[in-house]
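Chemist: If you want the building blocks of each chain, they are given just below.
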Amino acid sequence: MASAYLTHQQKVMRLYKKSLRHLESWCIFRDKYRFYACMLRARFDENKNEKDMVKATMLLKAGEEEFWANQHPQPYIFPDSPGGTSYERYECYKVPEWVLDHWHPSEKAMYPDYFSKREQWKKLRMQSWDKE
Amino acid sequence: MAARVLQQCVRSLARPSLGLFPVNLALRAAVAPAVTVHRPFSFAADSRRMRWLGQSRISSVELLCRQYGDLPPLTLETIKDRVMYVLKLYDKINPEKIQATSHFMKDLGLDSLDQVEIIMAMEDEFGFEIPDAEAEKLMTPEEIVQYIADKKDVYE
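Going down the list, the sequences are from chains F and P. Numbered continuously in the numbering used here, the first sequence closes out at residue 132. Numbered continuously in the numbering used here, the second sequence closes out at residue 156.
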């Protein structure tokens with residue numbers, strides 16, 4: 001999105017997602033989680049047609065406070081996301097793209113399809129770079 | 001003579017199939033003093049031992065290289081199949097009506113909270129997180145497949 005401010009809908013969606021994730025960390029058994037997730041969804045749904053923005057923001061604020069009070073101390077974080085175990089683990093092994101130009105021709109001959117197209121991609125990039 | 005004794009040791013160690021690397025280490029540790037003591041014998045003993053080792057193990061070459069565990073590689077078709085499978089399991093979607101290009105909000109009449117649930121199901125399926133900023137833009141299964149292929153470096 002363009003601006004840094006989130007719309008009310010986006011805030012509600014984010015609250016819903018993180019509350020579901022923390023609920024999943026609390027209720028580890030899938031059927032129990034499913035039950036409480038449906039209860040949570042019902043609570044979100046009963047207020048969703050609120051037209052008064054003031055009241056809607058008050059409800060959102062109450063929801064955020066309830067989330068903060070009930071959050072899990074060690075929620076399940078996916079390995080590749082920030083805070084997870086594998087976050088930026090292979091960052092030191094990632095090599096920039098211009099290194100491919102410095103390969104020896106005998107190494108480049110091992111991947112003829114890629115390197116034959118690479119020149120065209122570079123030309124395309126030179127042409128369209130100024131437009132972007 | 002010591003080499004022959006060592007051969008006996010290696011033969012007895014070789015019987016259990018597991019513990020290949022300790023065997024090699026023990027072998028190397030044993031070879032070092034043998035080489036220093038029996039200089040004219042060492043070459044023949046080493047070559048005999050290595051040749052015998054190479055023949056005795058059923059799959060020594062494969063065992064000598066490491067075997068890592070990993071999931072089968074992703075292709076565009078497998079990603080699309082998995083995405084459609086998960087979507088058909090969702091109870092608010094009619095499995096006959098879902099297409100690859102059906103929009104969640106316009107064609108299927110889902111809510112934004114439903115879309116959040118769908119994206120969470122995709123995260124659980126593929127095992128990596130889709131950040132909120134990009135998740136709210138994914139509105140068709142086709143876009144989801146494209147996004148996952150972008151993130152996982154899958155191309156044809």
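I should point out that these hints are in silico values taken from the structure, not numbers from a laboratory. The reader is advised that the hints may include incorrect statements.
[Stated by the list, open to error] Listed next, the in silico BS3-like pairs over lysine-lysine satisfying Cα-Cα at most 30 Å (straight line): (1) P/K88 x F/K18; (2) F/K123 x P/K92; (3) P/K97 x F/K131; (4) F/K61 x P/K92; (5) F/K108 x P/K151; (6) P/K151 x F/K131; (7) P/K152 x F/K48; (8) P/K152 x F/K17; (9) P/K137 x F/K11; (10) P/K97 x F/K17; (11) P/K151 x F/K51; (12) P/K137 x F/K108; (13) P/K97 x F/K48.
None of these values were measured; they are calculated from a predicted model.
Chemist: Taking the hints in turn, state whether each one holds.
Modeler: Evaluation of the provided hints:
no. : hint            : in the structure
1   : P/K88 x F/K18   : holds (24 Å)
2   : F/K123 x P/K92  : violated (48 Å)
3   : P/K97 x F/K131  : violated (41 Å)
4   : F/K61 x P/K92   : holds (29 Å)
5   : F/K108 x P/K151 : holds (26 Å)
6   : P/K151 x F/K131 : holds (25 Å)
7   : P/K152 x F/K48  : violated (35 Å)
8   : P/K152 x F/K17  : holds (23 Å)
9   : P/K137 x F/K11  : holds (14 Å)
10  : P/K97 x F/K17   : holds (26 Å)
11  : P/K151 x F/K51  : violated (38 Å)
12  : P/K137 x F/K108 : violated (39 Å)
13  : P/K97 x F/K48   : holds (27 Å)
In this structure, the earlier hints numbered 2, 3, 7, 11, 12 are contradicted, and the remaining ones agree with it.
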